[in-house]
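**Q** Hey, can you work out the whole structure from these sequences and the hints?
Protein chains: 2
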Amino acid sequence: MRAVAVFPKTKEIKLIDHPEPNVTRPTDVKVKIINVGVCGTDREIWSGEYGDPPAGSDYLITGHESFGQVVEVGPAVQAVKVGDYVVLTVRRGCPENCIACRQMRQDFCYTGHFTERGIKGAHGYMTEFVVDDEKYMNLVPPEIKDIAVLLEPLTIAEKALMQVFTIQSRLPWECRLEQGGANQTCHNAIVLGAGPVGLLGAMALRLLNMDVHVVARDRAPNPKEELAKSLGALYHATSEKTPQQIAEQIGNVDLVFEATGAAKASFDFLQVVGPNGIFIFTGVPAPMIDITLDAGMLMRDIVLKNQVVLGTVNAPKIAFENGIRDLLEFQKRWPEAVRSLITGFLPLERFQETVKRTDREEIKTVLTLGPSLPLQRAGACAEPATGGRK
Amino acid sequence: MRAVAVFPKTKEIKLIDHPEPNVTRPTDVKVKIINVGVCGTDREIWSGEYGDPPAGSDYLITGHESFGQVVEVGPAVQAVKVGDYVVLTVRRGCPENCIACRQMRQDFCYTGHFTERGIKGAHGYMTEFVVDDEKYMNLVPPEIKDIAVLLEPLTIAEKALMQVFTIQSRLPWECRLEQGGANQTCHNAIVLGAGPVGLLGAMALRLLNMDVHVVARDRAPNPKEELAKSLGALYHATSEKTPQQIAEQIGNVDLVFEATGAAKASFDFLQVVGPNGIFIFTGVPAPMIDITLDAGMLMRDIVLKNQVVLGTVNAPKIAFENGIRDLLEFQKRWPEAVRSLITGFLPLERFQETVKRTDREEIKTVLTLGPSLPLQRAGACAEPATGGRK
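Chains as they are written, first to last, in the working numbering: chain S, 1 to 390; chain G, 1 to 390.
Hints are supplied without guarantee of correctness; some may be wrong.
No copy labels: a pair is met if it fits in one copy or bridges any two.
When the alpha-carbon atoms are kept at most 27 Å apart in a straight line, the in silico DSS-like pairs for lysine-lysine are as follows [claimed, not checked]:
1) LYS81 <-> LYS145
2) LYS305 <-> LYS264
3) LYS317 <-> LYS305
4) LYS305 <-> LYS135
5) LYS317 <-> LYS32
To be clear, the hints were calculated from the coordinates, so they are not data collected in a lab.
**A** What follows is the structure in structure tokens.
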């Protein structure tokens, strides 16, 4: 079967022929892949920054943002049946079976010896068929099949938000009393970055009734500003305002959801978090970004304002399940906005066109095993790649 | 009555005569102060770095680490009675009565308009009598009256640890499975700094059965190393080992409890926190400590290792209550060690001798309204200042 693979030794990215996997264990599920999202991690793996083939293989099949349909199940499978739509989780536990992995919280693996499909030591989803245990399958209702490829990037926000509510239960956080009055206001959230993780995060925060402020580089008007507005969020351009100016406009900054991977900008915004606020890092920047900062002032603020900085990576099955519930709600509230996050579908064969990000307005490009479709702009309704399948 | 007060305008610190307060409201309690601890915050206030007198006053009575005895109660008081030993909390709520202050969580005040006795807008405890509402009184069992002046600095760790367990309930944290085996190990904690907050924190962490590593500047042998050992903790000198060398010796660093206020050293140790680890800042450094750091690498680590950085300041009544339970346990397990944290008693009149820290081996100096006693060394058993009172 066809697959997109990277060869770390020769730094090639190729469409290869890879043996089709089969159901062998009683709890195995075979999935026909329909869509695979392309993300920054894929591009870093393709450029040779990281990515490890499985033991004994020269190549790694890339791709970890999946959506497919069950075509075969082992005799003991109960979670899904043939014909079901599914999204697979990404990380698999360590051989030591550490306390986190044993509890299906591979996302918190202690040993670091986990594998990740499409990233580290296990083949990914940019291929025709994959086989895996039923416990890694997340059942997708047909109503959201056209956007379900967005589930994996959404789970970054879902895992973050699960932690935020646990962490903030350390204090009276539900709602603040407005100064001098009896009215309650909900939280003010800044989303740093208007890529897929940022915009999906903004939607999840809007569902929680937060005041959401999307912060990105480009000045308005632009399609991402339009998209933010359609969610009831405000848009701020860092090319027009400093972090301090943005914060002043917002008032108390209760939460910052960083989804840029930009170290300098992140540390700039760390300094505008308000009392009892939480700053969430999700981006993985390159190392060796030396910055000079007033560590004394930063530490003072963190202490005197009782702040939390949280780093979060990967996501557990429960975050996928929460994400599915949220996607259903996004679809109801903002059908056009959520569809417009997918700015293009390309057939798997044309993966080379996605290796470099060339379009400033790209949000999420999806490789499809379905019919080829033209690139769509943000704001336009993308034709689902699944039309006519089944 | 006598009181130690700072005059911000003239930068004087003086023993003054201040009107004795009286019980006026039905829930007021009048306390005769026995002991008041001197801490870094007091020294910063005395040196003019901060500290605000109450509205309309030229001076601020300093001191926030209290221990005293109830001498009079209003008719509605139920929490304490005459003769009881008490420690008072420090922070009082904001006039806006924000959602945190309304819930007796002034330590998380949102408006910043709180007052703090002895620090900000309210007189402190370096005087003969204080009056306050019964809800700010913490009843001290007579068994620990000689060490109860250590309660307020201990509450810094108590509040931090309350938050740590809430925050870490985001993941499987109880105990890690040892690599390749079935044995469980408990958490590894680094305590940065061997002052009163650090050493009391080390004791609290030992009660939680953590492996505790006290890190301070001076090379061993020294009295603080002895003290750490007596708790079953290990001592490491930063003058002998780098943070990386210390971390390698420890293994996975699950928790760092910073109690130094030193920005540079803190950020150095932030870089050795392990997977799922938590770094707690409690120190308030001076601003304008510019450091250059690899923000990219720091952010990568925070994300890829699912880490949390927590800042914490002040403490709520519940932390005082937890601290009293812990002091009772410290007294049982390590009676000499906990007593040796008080390295000297001085009569209130001799407060000038405590304005500058002159003794490297000083841990906690206590001003007493009781008889004058010679300075004690760490490791020696300090004579209680309360002997013969009552």
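**Q** Could you run down the list of hints and mark each one as holding or not?
**A** Hints versus structure:
1. For a Cα distance limit of 27 Å, the shortest separation of LYS81 from LYS145 inside one copy, 16 Å, qualifies, whereas the shortest one across copies, 68 Å, does not.
2. Taking the shortest Cα distances, LYS305 and LYS264 sit within 27 Å of each other both inside one copy (22 Å) and across copies (20 Å).
3. In the homo-oligomer, the alpha carbons of LYS317 and LYS305 lie at most 27 Å apart only across protomers (19 Å), although the nearest pairing inside one protomer, at 34 Å, exceeds that limit.
4. Within a single copy, LYS305 and LYS135 get their C-alpha atoms only as close as 42 Å, which misses the 27 Å cut-off; across copies the closest is 24 Å, which meets it.
5. Taking identical chains as interchangeable, the C-alpha atoms of LYS317 and LYS32 lie at most 27 Å apart only when both belong to the same chain, with a minimum of 20 Å there against 58 Å between chains.
Hint check: no violations occur; every hint is consistent with the structure.
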